[in-house]
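Colleague: In the order they appear, the protein sequences are chains C and H. Reminder that position 81 of the first sequence reads as 73 in the numbering used here, one-by-one numbering, no gaps. Quick note, the numbering used here runs 81 ahead of the 1-based positions in the second sequence.
Derived by calculation from the structure, the hints in this document are not laboratory data. Heads up, a few of these hints could be off.
As the list claims (entries may be wrong) - Restricting the straight-line Cα-Cα distance to at most 25 Å, the calculated cross-link-like pairs of lysine to any residue (SDA-like) are:
(1) K52/C - R129/H
(2) K10/C - K24/C
(3) K10/C - L107/H
(4) K66/C - V105/H
(5) K24/C - R485/H
(6) K66/C - D114/H
(7) K10/C - L101/H
(8) K10/C - R484/H
(9) K24/C - R139/H
(10) K10/C - F134/H
(11) K24/C - L109/H
(12) K52/C - R485/H
(13) K52/C - D124/H
(14) K68/C - R484/H
(15) K66/C - L107/H
(16) K10/C - V105/H
(17) K66/C - R484/H
(18) K24/C - A95/C
(19) K68/C - Q737/H
(20) K24/C - R484/H
(21) K52/C - D114/H
(22) K52/C - L288/H
(23) K68/C - Q704/H
(24) K66/C - L109/H
(25) K68/C - R485/H
(26) K68/C - L101/H
(27) K66/C - D102/H
(28) K66/C - D124/H
Stated by the list, open to error - Distance windows between CB atoms, simulated:
(29) K66/C - E125/H: 47 to 57 Å
(30) P343/H - K66/C: 38 to 48 Å
(31) M583/H - H96/C: 25 to 35 Å
(32) S57/C - E125/H: 27 to 37 Å
All residues carry an ideal CB built from backbone N, CA and C; glycine is no exception.
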Amino acid sequence: MTERADLLQGTLDLLILKSLQLEPLHGWGISKRIRQLSRDVLQINQGSLYPALYRLEDQKLIAASWGISPEGRKAKFYRLTTRGRKQLDTERANWQLFTGAVAHVLEAD
Amino acid sequence: MRVLRRLIRVLRRREDEHLLDDEVGLHLDMETDDLVRQGMSRDEARRRALVSFGGVERIRSEARDIRRLPSLEAWLRDARYGVRALLTSPGFSVVVVLVLGVGAAAITSVFVLLNAIVLRPLAFPESDRLVVITHAAPGIERETVDLSFGLYAHYRSHVSTLESIGFYNERVAYVRLPDSGSERVTVLHAGMDLQRVLRVRPALGRLFTEEDGAPGFLNSRWTIPVLLAHDFWVDRFGADPNVVGRILMFGESSRRVVGVLPPEFRFPNQDMKIWQLYELPPKVIRGEAGRFAGDFDLNTVARMRPDVTATAVQAELVRILPRIEGVYGDATSERIAQIGLSPIVTPLKSAMVGDVAEVLWTLFGGMAFLLAIAVANSASLFLVRADHRRREVAVRRALGADRRQVARLFFLEAVMLTSSAVALGLGLSAGLLAGVRALAPMELPRASEIGFDAATVAFATGLAITMAILYGLLSVRRNDSLTEALRSGGAGAAVLGLRGRMRHSLTVIQVALALTLLVGSALMISTYQNLSRRELGFRPAQVLTVEVNLYSRQYMNHTRFFYDLIDRVRRLPGVDSAAAATFAPLAGSLDMYPVEAGTAFIPFKYFTPGYFQTIGTPVVDGQSFAPGEQVVAPFPVLVSAALARRLYPGQRAIGQTVRRLREDGSLITVSGPEPVPPFTIVGIVGDVRESSLREGPSEIVYIPVIEPRVELEIVPINMSLVVRSSVPPLTLVSAVRAAVDATSPYLSVGRVRTMDAIVHAARAREAFVGAVLVVAAAISLFLGAVGIYGSVANLVRLRTREIGIRLALGASAHEVVRSVAGGSLGAVVVGAALGIGLALAGTEALRSLLFGVEPADPMVFAIVTVLLVTAAAAAALLAARRAVRIAPVVALRQE
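Given these sequences and hints, build the entire structure.
Modeller: Shown next as structure tokens:
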């Protein structure tokens, strides 16, 4: 089993938005997608995934609709709204600024 | 919007949680499957999935928090709390419910009248397609005339925008009933066309058929068929199902009942009791007989084809009217041009409702003002209450209630208060309307339709909801601003500043609206006084009027019957004098005829000798037909002074002759080709207002009922006895009735009224509108004064400490009063100024009701403004006096 990292506070929203960038997914799909994209490093705490989804939905960054999953089950699919796309861009820029800055600090002699 | 969304969410809450379970279930299944694919046993995989997911219940509750699904329990808890909170301040609750309840009662009552009379469609199928046809006839100086036989037949055969045209006449008949003797009833004379136009269906029996009219109206062996109005059938025939086929006696002639009309069928109004078949002779319909300009006395109602407007119908009638030339003997081009008819097509509803619509809208506006005052008044109470609850709200917020929860509480309280107020208002309004129906303070069309209906309930509900939202918002905003003010530290000044602005604007609103209502009521009082002070031209006190009908086949003996009756009545104890005329002043419609001099139609009125002495009208010149007086001139008549002035300016009218003409302007012949001789004027009667208090003195010809007859063609068979007595007039009624019965079985009694009541009825509309506005203005003045008193008193209470310090430091009483009452007095002045502007615009709506006073009467405005400002200032100063009496030591010790 590979090593797993805890999520930094506030990054979950960013990851959810990113995972929905390509296509609408249901809740489990989102957690699976994040695990895959992070090469199994990031393991979403499922207990915080759903509250985060509802929060984002309430903020109108993502929208939900009921549909049928590839496995043929009734599932709730989340997709990015226009607002969500903008938010993703902003947060990604912020994140890069932040990690860049942290990297500079750490690499300073 | 947000409230609505949340409400939907509350309702959908169960479904929501169900879906949440679906979503979690799917997640767990997928996770389990994934683990199984990695080689785990299914049970183990399931367990791991559940463990890694964490508590399902916790997610559920977090989801709920995020979505802020308020539980029904929370609403109920708040409602219970609200009831308790309102019960702990019963003074506030009771006052608010009373004040708003009175406002709601006022506006709802007028709404019910407006809805029943003006807004609701008439009770006929597709009634918006019904129109009334009349004509303006400037050539004969008539504002409106109805249709002649010729015009009716002409339109009926040529018009294409109308589906059907019906005509009718209203007549009075004295009907003999099994138990109650003979009764005066209004009879509708109309035929099959009207049935078609109104699409009436019988409640019992059948309607008229073609065969009914076939025998012809001149056939004396034929019994004319009639239909009974539903209420008449219930009241007089006990809803007897066997009434069909019964014979009714109209005087000495008989009618056959063929059916009963449906209960909602009231045409042309609720007075109609019997519908008697009446058809035009076929020759007239075919255009072979009849006249173009005979009597213009057929009332017409027509049904338009679908998608046709009244304007289009009118345009078509204008087009086809000239084609009547040559169809009838008298339809010459000169005659048509001389009369100058122009068709007027009016929707039936506006024709039936008439100018009452305007009166009701005016009252509605007045009551809206009263309601607005009540709302503003209660708003200041809500402000005081919100101020007092600062601490409670602060505690709630500190304990974790968020703004929405506090707002919910305020809204619930507001809903409870306003819905109680509206419920009270509906109760009061039901009482008021019962009063209006019973007392009939003014004549209202469609009066029988007045009552609560779905529209009333919707109106009242809307009222309660609107007010609740208003007060909810007010309380919420108040507390928000208070909290901010407190947070910003400098409590006193900021809070007082806010309070001042809000409260003063409420004062301004109340004063401005109250001033408008006061001006309106003062104008109506002035109008009523002006009408009451009008020279009537007769003395109404101590006079009884009794309508008496003579069976028409006895018309040759009318003089004998009426003289006999008057003799009997004169001998009754308590009677000073008695006489008769075709109608009492202000009590009847005038029959107008053309006269030789001039083009205007002049009304004629028959009278028996002694009439002018009895009614109290002086005869100013010539002979007066006092009882026993000998008049020697041939065909003597009297004329009113107004008519004498116009016909014979600068000359003496006595000795002049005047000739009545037929409606078409031709000379009257009775037997042989010789026209009847003209009347000789033998006396001039002092001016009387015969038809309306608003009009000038009537121009009228008075024809004596004497032998030999003066008017040879028309005989009065309906007369009104006028009886002047030394006893209260109404105590004579039974004796007069007995005298009528004793005189002849051919006589029957109609309406019995005192002359005072008739005069009162002539200004009933002004009295009613005036009374309503006076009551509304009095309430608004009271509410305004109490509101200002309360506002200043509250300020004094809140500033007790500060005032104590000021007084201790030597401030004069004068300064203290100015500091607490100054703001309110300023608001009163601003409100009065605004009110004057508002009243100038608002009283324009009263113009048509006013008499002898202009809507912008400066005197009225001055008096009202002084009255209102004085009352407001008195209220403010009275409250401010409490400040001066504050003992500094007590005040300082208070906190």
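Colleague: Between the alpha carbons of K52/C and L288/H, is the straight-line distance 25 Å or under?
Modeller: Violated: K52/C and L288/H sit about 68 Å apart, past 25 Å.
Colleague: Has the given pair, K10/C with V105/H, been kept, meaning a C-alpha gap of at most 25 Å?
Modeller: Holds, at roughly 22 Å.
Colleague: Within 25 Å, alpha carbon to alpha carbon, are K66/C and L107/H?
Modeller: holds (8 Å)
Colleague: Does the Cβ distance between M583/H and H96/C fall inside 25 to 35 Å?
Modeller: With Cβ atoms ~56 Å apart, the hint is violated.
Colleague: Between K10/C and F134/H, does the CA-CA distance stay at or below 25 Å?
Modeller: OK: K10/C and F134/H at ~22 Å, within 25 Å.
Colleague: Would you check the hint for K52/C and R129/H, treating anything up to 25 Å between C-alpha atoms as holding?
Modeller: Violated, at roughly 33 Å.
Colleague: Are the Cα atoms of K66/C and D114/H separated by 25 Å or less?
Modeller: holds (16 Å)
Colleague: Are the Cα atoms of K10/C and L107/H separated by 25 Å or less?
Modeller: Distance ~22 Å between K10/C and L107/H Cα, so the pair holds.
Colleague: Between K66/C and D102/H, does the CA-CA distance stay at or below 25 Å?
Modeller: Distance of about 12 Å is within 25 Å: holds.
Colleague: Given the hint that K68/C pairs with R485/H, test it: the Cα-Cα distance must not exceed 25 Å.
Modeller: Violated, at roughly 29 Å.
Colleague: For the pair we were handed, K52/C and D114/H, check the Cα-Cα distance against 25 Å.
Modeller: Violated, because 32 Å separates the two Cα atoms, which is more than 25 Å.
Colleague: Is K66/C close enough to L109/H, meaning Cα to Cα at most 25 Å?
Modeller: holds (14 Å)
Violated hints, in rising order: 1, 5, 8, 13, 14, 17, 18, 19, 20, 21, 22, 23, 25, 29, 30, 31; the structure is consistent with all others.
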